[in-house]
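Undergrad: Each chain, letter by letter, is given below.
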Amino acid sequence: MKVSAALPTGVAALLFESAKRRRGMEQRLVARLAEAGYSEAILPILDYLEPYESLLTPASRGELYRFIDRDGEQLALRADFTPMLARLLAPRLHSMPLPLRLFYRGDVIRYEEERAGRQREFYQLGAELLGVPGEPGEREVLRLFLDALAASGAGADRPVQVVLGLAGCLDRLLLGCGAADPSALASALARRERSAVRRACPELVPVVETGLPERPEDLGEAEGRRLRGLLELRDELAGLFPDADLFVDLAEFARHGQDPRLTPEQGDRSYYDGLVFRAFAGPSALPVGGGGRYDRMFRALGAEVAAAGFSVSVDRLLEAVP
Amino acid sequence: MIRLALPKGRNLEPALAAFRAAGIPLLGLDPGGRSLRTRLEEGVEVLSLKDWDLPIYVEHGVADLGIVGSDVLAEVDGDLLVPVRLREGRSRMSLIGRSGEALPEPGGQVRLATKYPNTARRLVEDRPWGAEIVKLSGSIELAPLLHLAELALDIVQTGRTLQENGLVEIETVAEVAACLVVNRASYQRHRALLNEWIGRLEAAEVVS
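Just so you know, the sequences run in chain order D and C.
In the working numbering, each residue's number is its place in the first sequence (first place is 1) plus 11.
In the working numbering, each residue's number is its place in the second sequence (first place is 1) plus 32.
In short, the hints are calculated from the structure, not lab data.
Bear in mind that the values here come from a model prediction, so they are computed numbers and not experimental data.
Among these hints, one or two may not hold up.
[What the hints assert, rightly or not] Part of the chain D face toward chain C, derived, beta carbon under 7 angstroms:
#1 D168
#2 Q172
#3 R202
#4 R203
#5 R205
#6 S206
#7 F252
#8 D254
#9 F258
#10 S295
#11 A296
[What the hints assert, rightly or not] Here chain D is said to cover these stretches of chain C; the calculated rule only asks that three of the stretch's residues, wherever they fall, bring their Cβ under 8 angstroms from a Cβ of chain D:
#12 57-64
#13 127-137
#14 206-217
#15 223-237
Where is the CB? At the ideal position from N, CA and C, for every residue including glycine.
Based on the sequences and whatever the hints tell you, model everything.
TA: Below, the structure written as structure tokens:
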């Protein structure tokens, strides 16, 4: 019998050189994370659906591969490491010494429309830092992210671009300008639609053009302070990583609002509630990785702990290695 | 160097006119020529692409920016920035039927022919009637005319073709414009130049 070698849409088999390249990249990244004091968490590919119900958005629910197990339980294939790790740690945190530094690697499986560059199974590697609140935690995670990108070898021919923002810091402006649909305005801002933004909220035009408000205080006192802090962190890290281009662009994360009125139905993974960042390597607009602070997720799972982390897509990084 | 993707077809002329008006002359470009990529003196390379392929080229950074119709953009749903829309060359996306026809009664089920199945599916979701969507690749007007489908969803520019064939626009669904689209990563890298171009297009009042 003749057997076809065809695979389902969105998955790939790596043989020979491509397998070697993937493993090589993985080892470089893992070595960097281990050096930084992070220890590995090995997580299952299958889990109950129920613990994630409160964390899912319509968009992330649509990406899940769900099914009923033989014993009648609803299961889902792993689509994201961060919530899985969070839901496993939340009930046990009280007996663990903080801070915790963990990394993971493995496949995540998400349903994506069939399009170039969008795999349904892809290999991720990431790190989570629990128990270091505020700016020190964010600095550590961001430094490690930049370190990992440098170790990956991506960006040897053109700088890796890292875009930084703050989830929720535009909420006051978005809600305060009297737009009929503030959530639609947030989406327009994220697409940098100038005319729509100018019509609805002229104060946001500088954010479209430069990524920043005219003055940090335009965001309100507390948010202005956070933004100043982020700009300082950007300058500090730019000095340490001269091979990376670091930008603060609040419009890039306009859809990461914290106010329920700004929660778009379809949208980015919305669990970040502080620093948020993503990186581009090579020409593609598909990010090679990203992360941020997500204290709120643990709160939703009944635990009070500061949490920040990042993940990278190993295959997209490989594409960006010259 | 920055790479600009220009569409073949109906959006090309409005795109060139807008760039000219904005003082971005694209000197050395031969729009009627067969060249698929042209390197211009101004540090710009122009790619000539089909409308339907253009978003993927921009999303993957092969081109940094491009001009593409909002009809295509809504259908392929790429992750692109859309800073401005051109004023020239506007048309509309409409539901089309034979003259004398109206929208289906609530609870009704019809066949709907279109080049835009995703857009059609989203449209029908909110309706009290249902539709079987038939994807065609051209001459959509023929479908209602020859009774392949009761309705068609397509672009209408002047409406003359419809009139000549005994068809009518039953409902205008959306305005269609040629949009300037920009790659997310390029927007960070070439921000100064892109802001300058967009500013000039705005100052020339050829975009909104």
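Undergrad: If a hint holds in the structure, say so; if it does not, say that too.
TA: A quick look at each hint next to the structure:
no., hint, verdict
1, D168, "violated, 14 angstroms"
2, Q172, "holds, 5 angstroms"
3, R202, "holds, 5 angstroms"
4, R203, "holds, 5 angstroms"
5, R205, "holds, 5 angstroms"
6, S206, "holds, 5 angstroms"
7, F252, "violated, 16 angstroms"
8, D254, "violated, 14 angstroms"
9, F258, "holds, 5 angstroms"
10, S295, "holds, 5 angstroms"
11, A296, "holds, 4 angstroms"
12, 57-64, "violated (count 0)"
13, 127-137, "violated (count 0)"
14, 206-217, "holds (count 4)"
15, 223-237, "holds (count 4)"
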